[in-house]
Amino acid sequence: MAGTTFRDDIDVDATPPTRLTNWVSDWGGIVIDGVSTVGDITIFAYRMFTWMFTRLPCRGTTMINFYQVGVLSLPVVALTGTFIGMVLAVQSHHQFHLIGLESRLGVVINTSLVRELGPVLAATMLAGRVGSAMAAVLGTMRVTEQIDALTTMGADPIHYLVVPRFMACILLIPALTIMADFMGIVGGYFYSVIILGIDHAAYLQNSRDYVSGYDLFTGIFKSIFFGGTIAIVSCYQGFNCEPGAEGVGNAATTAFVMSFVLILSIDLVLNIILDAIYYSIWTSQPSFL
Amino acid sequence: MSAETTPDADSFDTPLVDARAVSVRFETQRILHEINLSIPRGQTLAIIGESGCGKTVLMKTLVGLIRPNEGEVRFDGRDLVKMNSEQLTRTRKRFGFVFQNAALFDSMSIFDNVAFPVRQHENVAEDEIQSRVMQNLAEVGLPSEVAKKRPSELSGGMRKRVGLARALILLPELVVYDEPTTGLDPIMSDVINELILATRRRYPVTSVVVTHDMRTARKVANRVIMLYPRRRLEAGQSQVLFDGSPSGLDNADDRRVRQFVRGEAGERLDELTRQRQALMP
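From first to last, the protein sequence lines are chains R and W. Mind the numbering: the first sequence is residues 1 to 289 in the working numbering, read in order. Mind the numbering: the second sequence is residues 1 to 281 in the working numbering, read in order.
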């Protein structure tokens, strides 16, 4: 039997809005939306971690994602890394020349690269190249009901679509970071030694003395958090995409912007924590010059 | 409706799907309000109604894709709302869902699309999967060469038939069709209608067909319900305007049902005129 019984909606006798109530209402709406989004992303990440630790992802989808995240990102990360190394040499040379310390140029270039620019650059390229694409692909799947189709066929969309992307990002971003570091160091060396004529032996000696294993570890460690953030934010945006071409476009844009802001925020927090750990272990302040 | 497709009266005793006082709202917009709907085994139910009346929402609620804000949806006596994800996954093996635009996975070949439910739920050899996929594609009238293609290489009608083959590969007890003939030419629409009937002849499946194609509703269904948009109803009015056999549609008591069946704009023309006048300077 089909039928329905109506219950009248409750009609609240509201007082007319004033400027103050409008202001409170607008800001209240923004705060509630913000808290709600953070809550949604947290639940989304929790479900993703639950699946990741309880069941292996599908081999086929995992390998495709590893290829797209790792292999296809490598050339662009290498190229931008090289240019960043050279740009650092150009920017730093004049100041170092004024105080007669050109031979120490490698210290600032290489330390900046392995601690900061390499991981942030690799993460930015990943967010732009892979994160936006993830949001667009998953958004299109949402709009064309492919995600609903997965659910109706008994496949959990988070396990099937998100876990492989997350694993690809966190496992391969260290490799991309190492590539960005390496190519940046090569680019910095090339510009400093070959173009600016800085002494080859002094440049290498100083670079070796002042760039520690901890610096390299710091960069790679941070990159894992960047990769995880990119995957979760981009997949979340795709899963919550609004209908239509504009919705998919917005999801891709928001995925990149949100990832980038979070990368820099996490970078700051992790730098503070990692420096505190460093100084608590080695106590003395490191000296660059 | 032919005699061979009419379900046995005894099998109608226990409903396969039973929705009780189901209400669904998205944010502040209430789409469905306290809908009660019981679908006996073997029945083919058509849900008709104008765009935006909540047909698709009701259908997705019936298979657990949308969780109702109030009420319960029972499948074979068990409440889908109270099931955990593992139980829901097991239950969904008993559903087949044909989406409006087929919802084939772009990244996979047609073969992998149709094989997907088998690989997901059954641990069978690749040879058996191959034979089942080819048999299902043949049953919806698609040649074996189609299996290697991508969904983007097929026409709308072929994609819908692939969607049907995929939905039926596990021989589900309940098959749900979302606007199966929308966007198709009349001939292809009839092909899809015939395939729905052929499925019912093949085994005693229960079907829910959401459509605004009256030809489909009359041809495939042995029961029709008509939903009406809640925003157009007055307080106390039922959202279900009609519940009966397709033959009763033309002589329905409710004027809105007769208008819908005949495709008449009715008072909507007056509304349009009023809106135009209100907007004109």
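Check before you lean on any hint, since a few could be wrong.
To be verified - Distance ranges between label pairs, derived from CB positions:
no.: 1; chain 1: R; residue 1: T253; chain 2: W; residue 2: Q87; range: 30 to 40 Å
no.: 2; chain 1: R; residue 1: D275; chain 2: W; residue 2: K148; range: 52 to 62 Å
no.: 3; chain 1: R; residue 1: G244; chain 2: W; residue 2: L233; range: 27 to 37 Å
no.: 4; chain 1: R; residue 1: I30; chain 2: W; residue 2: F26; range: 49 to 59 Å
no.: 5; chain 1: R; residue 1: D275; chain 2: W; residue 2: E128; range: 55 to 65 Å
no.: 6; chain 1: R; residue 1: M63; chain 2: W; residue 2: R268; range: 45 to 55 Å
no.: 7; chain 1: R; residue 1: V87; chain 2: W; residue 2: Q87; range: 49 to 59 Å
no.: 8; chain 1: W; residue 1: M83; chain 2: R; residue 2: S36; range: 35 to 45 Å
no.: 9; chain 1: R; residue 1: V257; chain 2: W; residue 2: R150; range: 31 to 41 Å
no.: 10; chain 1: W; residue 1: D254; chain 2: R; residue 2: P243; range: 30 to 40 Å
no.: 11; chain 1: R; residue 1: F217; chain 2: W; residue 2: A138; range: 51 to 61 Å
no.: 12; chain 1: R; residue 1: G29; chain 2: W; residue 2: D127; range: 30 to 40 Å
no.: 13; chain 1: R; residue 1: G244; chain 2: W; residue 2: G266; range: 22 to 32 Å
no.: 14; chain 1: W; residue 1: K148; chain 2: R; residue 2: F217; range: 44 to 54 Å
If you are wondering where the hints come from, they were derived from the structure by calculation, not from laboratory data. Glycine is no exception: its CB is placed at the ideal position from the N, C-alpha and C atoms.
Evaluated hints:
A hinted range of 30 to 40 Å for the beta carbons of T253 (chain R) and Q87 (chain W) is consistent with their spacing of about 39 Å. Taking 52 to 62 Å as the suggested C-beta distance range, the pair D275 (chain R) and K148 (chain W) conforms, at roughly 57 Å. G244 (chain R) and L233 (chain W) have their C-beta atoms about 29 Å apart, which keeps the hinted 27 to 37 Å range intact. At roughly 21 Å, the beta-carbon separation of I30 (chain R) and F26 (chain W) lies outside the given 49 to 59 Å, and the hint is violated.
In this structure, D275 (chain R) and E128 (chain W) meet the distance hint of 55 to 65 Å, their C-beta atoms being roughly 60 Å apart. A beta carbon spacing of about 54 Å between M63 (chain R) and R268 (chain W) agrees with the range 45 to 55 Å that was offered as a hint. Distance hint for V87 (chain R) and Q87 (chain W): a CB-CB separation of about 57 Å, consistent with the stated range 49 to 59 Å. The supplied range of 35 to 45 Å is broken by M83 (chain W) and S36 (chain R), whose beta-carbon atoms lie about 26 Å from each other.
About 32 Å separates the C-beta atoms of V257 (chain R) and R150 (chain W), a value consistent with the hinted range of 31 to 41 Å. Separated by about 32 Å at the C-beta atoms, D254 (chain W) and P243 (chain R) satisfy the suggested range of 30 to 40 Å. About 59 Å separates the C-beta atoms of F217 (chain R) and A138 (chain W), a value consistent with the hinted range of 51 to 61 Å. At roughly 58 Å, the beta-carbon separation of G29 (chain R) and D127 (chain W) lies outside the given 30 to 40 Å, and the hint is violated.
Restraint check, G244 (chain R) to G266 (chain W): a C-beta distance of roughly 30 Å satisfies the suggested window 22 to 32 Å. A hinted range of 44 to 54 Å for the beta carbons of K148 (chain W) and F217 (chain R) is consistent with their spacing of about 48 Å.
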